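Which chain is which? The protein sequence lines are X and C, in order.
The first sequence: position 203 = 203 (this note's numbering), numbered continuously.
Here this note's numbering runs 1000 ahead of the position in the second sequence, where the first position is 1.
If you are wondering where the hints come from, they were derived from the structure by calculation, not from laboratory data.
Bear in mind that the values here come from a model prediction, so they are computed numbers and not experimental data.
From the three backbone atoms N, C-alpha and C, an ideal C-beta is built for every residue, glycine too.
Any given hint could turn out to be false.
[Said to hold, decoys possible] SDA-like mimics (lysine to any residue), calculated; alpha carbons at most 25 Å apart, straight line:
1. C/1110 with X/223
2. X/221 with X/78
3. X/60 with X/26
4. X/60 with C/1365
5. X/150 with X/221
6. X/60 with C/1265
7. X/60 with C/1409
8. X/150 with C/1040
9. C/1110 with X/176
10. X/86 with C/1181
11. X/115 with C/1458
12. X/153 with X/56
13. X/115 with C/1181
14. C/1160 with X/83
15. C/1110 with X/184
16. C/1110 with X/192
17. X/153 with X/73
18. C/1160 with X/34
19. X/150 with C/1020
20. C/1160 with X/32
21. C/1458 with C/1297
22. X/115 with C/1114
23. X/153 with C/1102
24. X/150 with C/1406
[Unchecked claim] What the simulated footprint calls covered on chain X by chain C, stretch by stretch (three residues with Cβ under 8 Å from a Cβ of chain C suffice, anywhere in the stretch; the number is not a length):
25. 9–23
26. 75–82
27. 89–99
28. 103–112
29. 125–133
30. 159–170
31. 181–187
[Stated by the list, open to error] Some, not all, of what chain C presents toward chain X, calculated at C-beta under 8 Å:
32. 1027
33. 1189
34. 1244
35. 1410
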Amino acid sequence: MDFGWLEVVIASLLLTLVGGTILTRGRSWLDPVFWKRFAIIGSLVMFVFLWILTFDTLSKTSVGTDRVPNPTVINKRIGYELNAEKGYFTPVILGDEPLFGKTYSEEEATALLVKGKLVIQSRNCMDCHTLLGNGAYYAPDLTKAWLDPKWEKIMIPMTGAKTREEAMVRFLMHPDRYATWTRRMPNLHLSEDEAKAVVAYLKWMSAINTNGFPDHFGNSKLVQLD
Amino acid sequence: MGKLYESQKIALLYFSVAIVLFGAQLFFGLIAAYQYINPDFLYGILPFSVTRMLHINAMVVWLLMGFIGGIYWLLPSETGRDVVGAKLGKLAWFLLTAAVGIVVLVYLFKQIGKGDIFTLWFITEGREYIEAPRWADLGIVAVMLIIYFNVAATVLKAGKITGLLGVLLVDLLALAGLYVAGMFFTPNITHDQFWWWWVVHLWVEATWEVLVGVLMGYALMTVLGTPRRIVEGWLYLEVLLVFGTGILGLGHHYYWIGTPEYWLGIGGFFSSLEPLPLVAMIVHAVYDAGVHKLQTVNRPALFWIFLQAFGNFFGAGVWGFMHTLPQINLYSHGTQMSASHGHLAFFGAYVATNVALIYIALQHIRAPEGPILDSKTWKVAYIGMIVSMVGMVGALLVAGFAQTFFERAVGGATWQDFITAQMHPWVSVPYLWRFGFGVIFFLSYLVLLYDLATIGKKVTVAEVKPA
């Protein structure tokens, strides 16, 4: 189904107006029953539209669509670039880039990401960080954390790791050991497997098309990390 | 002391737990606010994630308990008879209170679990606002169903239904039903957050708003003697506006979570209409009060009703509108702007409702036939809370603007940009103001507690002037 927002808005308002008018014919607008019938028809119309949009959205955002890519995307290099046609930044899937030096099958990748999500929930990440912009504001947003230039430029040397994913695992397992800033992340006792799953999850999340949020991530012309 | 129905005794149980949890909300909020200033405070013992979670969950639960108290309170006067399942109602209250206690203890002492399903069932679901472990979720739905049964059965037994009760019955069903949308696990974070907002938004911006519409309608009839016909006419109009704008206004949470682009337009359009019902509420309250020339038997309740009308309009309406359009939200989303909006909206819309209802109950208990319920201390608490809330909201607004600018617009939203913004004095200094005003708010809460305990106990010479 393909439709624009304007059609939905006009159709839902029109249906409410027409339905309400038919049901309240002959009633004075000062009569509570007039508003009662409008309230019922208005709520029903909006709720029906919400259900239709919900089914449409769920099908367009299930795993393996172009908005929420297949788990095997963790085997690829992911970028975040200005899309000239859309006018905003979108993730781009580039060549092969195995995670932890391994290419995961679809089952393995799925299992890893399920684990990653469970770890993220069990450690309550959202009560300090934001994911896709939702959560608390005490710590950085993690929507595109995988693509953060800080891993390459500061965290790899600081942790003595060879790759970005290795640096992330070391940091996640012992965040209290590395001086980042006064507001330090506490040690949440992640096992190595759990930390790896979280890293995979962050990589997967960075490939979700979020309609351009956050804008120009890591691409500010004014602020450059040296 | 006025005669109390069993239903109203249950209401008092809910009100007492609510007001205690209000204190807990403020206490953990203060710790969280202080951790912004001194991140080493309780680092490793009670980290920010835990204090903030307790701050928010105590709020959700105490507001809900206050609403339930309000429902049990108005039920006898609306139906003309006592509640059908009084014992069941008390049992549900006991279970809910015990469950909240257990969950809080687990949060304080266990805090986190391993990354498995067991953690989601018994420690935390780790999803902001609905962290409650799943066993407690099921308990909440069970308690809501008991309340639903009590309202429906009482209405049936009474053999008559008022407009307020009709709206209440529909709304409670939606409230219990929507909560179920937050009780499953999916690795797909887009789907996760899609359903998560069904609970968080459709609760707070739709069913809760309609519920306080019912409670406020009742409050206006009680405190000002507004005719039922007018209250119910307004209530239906508000239901039309709240559901008509709020259901698809849900779209303003679907901008950036991976959902299709049409949500940008739908969410932007309907959420910019969301302040409409709140304007209607203001007109309503000001009109009613004007008609009665401010004469009432319950001054604190009347003033908290005013605060509800204006606080809801400014907090939910104006502050929400400030960052609801996608063009602005792209940069302000997930910054202290949201915290500023959240604080004012919840205080204005829901805290004020509950406090007004508690004063209405107190009047019935302590001054059923006059003199008017009044004291010096309620004014101190009232003004103290308003001033300190405005202070906190203003501080967070300044921090939010600066964060939006430095981290998102100038910077590229990275880890380092976040830190740069947080260290900027326009962001870090307001955190001090926020904490300072938070302390004043807590002190005002203590004054409120004192006033709730004492108001109307001493017979004062004040009298009701004829209107």
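Looking back at the hints listed earlier, which ones does the structure fail to meet? 1, 3, 4, 7, 10, 11, 12, 14, 19, 23, 26, 27, 28, 30, 32
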